[in-house]
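With the hints as extra help, turn the sequences into a complete structure.
The residues making up each chain are set out below.
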Amino acid sequence: MNKKLVAFIAILLCLELDSTVFTRVNIADIRPDAMLAATVSFAILEGSFSGAVFGVIGGLLMDLLFGASLGLYGALYLAAGLAAGFFYKKFYADNLIVPMAAAAAAGFTKDLLLALIKLIGGARFPFAGLLLRYALPSAVMTALLCALIHILFKRLLVRQVMRRHPGLH
Amino acid sequence: MRNLFNNKPLLIAIVAVLLLLLLAALTSGSRTMSFLESTVGVVVQPVQSFASRASDAIISFVENLLNTTDADVENQKLKIQITQLQQSLSEMEAVKAENERLKALLSFTESTPDLTYATGTVIGRSQGIWFDTFTINIGRSSGVEKNMPVVNASGLVGRVTEVAATWSKVTAVIDSSMSVSVMVERTRDSGMVRGLLEAGSDSDKLELYFLPADSDLIPGDRIVTSGIGGLYPKGILVGTVLSVSRSGESDRNALVQPAVDFRHLEELMVVKGLESTETTP
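Keeping their order, the protein sequence lines are chains A and B. Every letter in the first sequence is one number past the one before it in this note's numbering, and letter 43, counting from 1, is 43. Every letter in the second sequence is one number past the one before it in this note's numbering, and letter 273, counting from 1, is 273.
By construction, these hints were calculated from the structure, which means they are not laboratory data. Careful: at least some of the hints might be erroneous.
[As the list claims (entries may be wrong)] Straight-line Cα separation of at most 20 Å, EDC-like style, residue types lysine to aspartate or glutamate; simulated pairs:
| id | chain 1 | residue 1 | chain 2 | residue 2 |
| --- | --- | --- | --- | --- |
| 1 | B | K205 | B | E185 |
| 2 | B | K234 | B | D214 |
| 3 | A | K118 | B | D221 |
| 4 | A | K118 | B | E207 |
| 5 | B | K103 | B | D221 |
| 6 | B | K96 | B | E266 |
| 7 | A | K118 | B | E198 |
| 8 | B | K146 | B | D261 |
| 9 | B | K272 | B | E110 |
| 10 | B | K234 | B | E37 |
| 11 | B | K205 | B | D261 |
| 12 | B | K205 | A | D29 |
Remember, predicted model here, so these are calculated numbers, not experimental data.
This is how it looks when you write it as C-alpha cells:
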C-alpha cells in the first residue's frame, strides 16, 4: 500500500483515537498516546525523515484542533520521529521490542517535557508523583499500542519493508 | 560536532523543532486564530463530528454487549436477534439520554432568562492530562466569541479560548491554567478556584483559594461564580466542597468536586450577551 496513503489514514485514525476514544476508554484516566506510538513505529520502518514528517503533521493537527498552543505537540512528535528513525534499518522489521522500547522512552520523555512546561508556566503539582502515577503507566500503554500499530504498519507497508530487508519472510 | 554540522537533514530538523517550540511559546497566550487554522478546522470538523458520534455509538453498543451475560450463546438466531435488539435498545437509550440532557439544558436556560445561549456538542478532547481543552462544533457563525463562558445543565464548564468559523476551542475550568472568581453560596465568602493537575481519582478536581481567614467552610458547601471581573455570570454552580484544609496545613482552603462531569461531557452551551468578553484577557 502506498506509504503516503497509509500515513494519511494513520494520522486521521490516531487523531480520532486520541481525541475521542481514549478520552472515554481509559484506565483511571491514564491513556496511551496513539499519535506518538504511530510516529515511532513509522519512523522505525521508514526512517527519520518520514517519521519526522509524520510526527510534525500529526502533532500540528492535534495542536490546531485540541491544543493549548500551536506547535508544541508538532515539535514533540517531530523530535520523536527524528529520534526513533535512528533505529531504521538497524533491526529486523518484525522486532517488536525496539519499537515498544522507543515508544515508551518517547512517551515518558514527552510527559516529562510537558510537566516541565507546566511547572515553568506556574502550575503547582506533585511533579515526581505525577510522573510515577501518570507518565510511567501511560508510557507502558503507549508501548503496547505501538506494538499493535507496528504489526499493522508492517503489513500495510510490506512491499517497501521487504525491499529494504530482503532477508525477511 | 563537525559531523553534526555536516548532517543537513538533522540540522534542518533541529531548526524545525526549535521554530515550532518558538511558535508554541508565542501562541500559548491569548491570540486570534488565523484564517489557515480556521479553514483546516472547518475541513476536519465534519470528520471529527462523525467520528465522535460513531465512537460514542460503538462504545455504547460494546458496553451493552458486555453487560449481557445471560444470552443463550448456543442459539445463533437468538444471538443475532439479541444483538439486533441490543443495538436498537442502545440507540433508543442514546436518544433517551440525549433527550434528558437536552431537557436539562432547556430547564437551565429557562432558569436564567436574562442570558442567551448557543448550544453545541463536544467533538474532541486534548490528549493526556496536561491540558484540559476540548473542541465544540459551534463557532463565530453561531455568535460565539472568545472568552465567552461555557456551561451545561450541571454548572460551569469553562471558557472559549479560540474561535473559528464553525468550531471553537474551550478550556475547561479544571485546567491548571484556569482561575475563576467564586463565592461560597451559604456564607457568601469570596475566593478563587483553579484546576488541579493530578492523575487518577483526584484528576478533574478544583482547589479553592483566598477565602477569608475566618471563613466557616464545611464539606458539602456549594461553590458558585461570584461574577467579579465580569467574565462569568454570577451564581453559576462551580462545584461542591469535598474536604476543607485547616489554616497552616495547606495553602488551599478546600478541595472542590466540580459540578460538571468532565468525563462524560456532550452537549453544552456558550453564554452569549455578557459585556466585552472578546476584549477580556
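Consistency of the hints with the structure:
Between the alpha carbons of K205 (chain B) and E185 (chain B) the distance comes to roughly 19 Å, so the proposed pair stays at or under 20 Å and holds. For the given pair, K234 (chain B) sits about 23 Å from D214 (chain B) by alpha-carbon distance, which is inconsistent with the 20 Å threshold. Restraint check for K118 (chain A) and D221 (chain B): not satisfied, since their Cα atoms lie roughly 30 Å apart, outside the 20 Å limit. Distance hint between K118 (chain A) and E207 (chain B) is fulfilled; the C-alpha atoms sit about 17 Å from each other, no more than 20 Å.
The suggested pairing of K103 (chain B) with D221 (chain B) is violated, with an alpha-carbon distance near 26 Å, which exceeds 20 Å. A C-alpha spacing of about 14 Å is found between K96 (chain B) and E266 (chain B), which places the hinted pair at or below 20 Å, so the restraint holds. Note on K118 (chain A) and E198 (chain B): the hinted pairing holds, with a Cα-Cα distance of about 12 Å set against a maximum of 20 Å. Our distance criterion of 20 Å between C-alpha atoms is broken by K146 (chain B) and D261 (chain B), whose separation comes to about 23 Å.
For the proposed pair K272 (chain B) and E110 (chain B), the alpha carbon gap of about 15 Å is at most 20 Å, so the pair holds. Proximity of K234 (chain B) to E37 (chain B) is assessed by CA-CA distance (about 33 Å); at most 20 Å being required, the pair is judged violated. A hinted pair counts as satisfied when its Cα atoms are at most 20 Å apart, and K205 (chain B) with D261 (chain B) qualifies at roughly 10 Å. The straight-line distance between the Cα atoms of K205 (chain B) and D29 (chain A) is roughly 13 Å, inside the 20 Å bound, and the hint therefore holds.
The structure does not agree with the numbered hints 2, 3, 5, 8, 10 stated previously, though it agrees with the rest.
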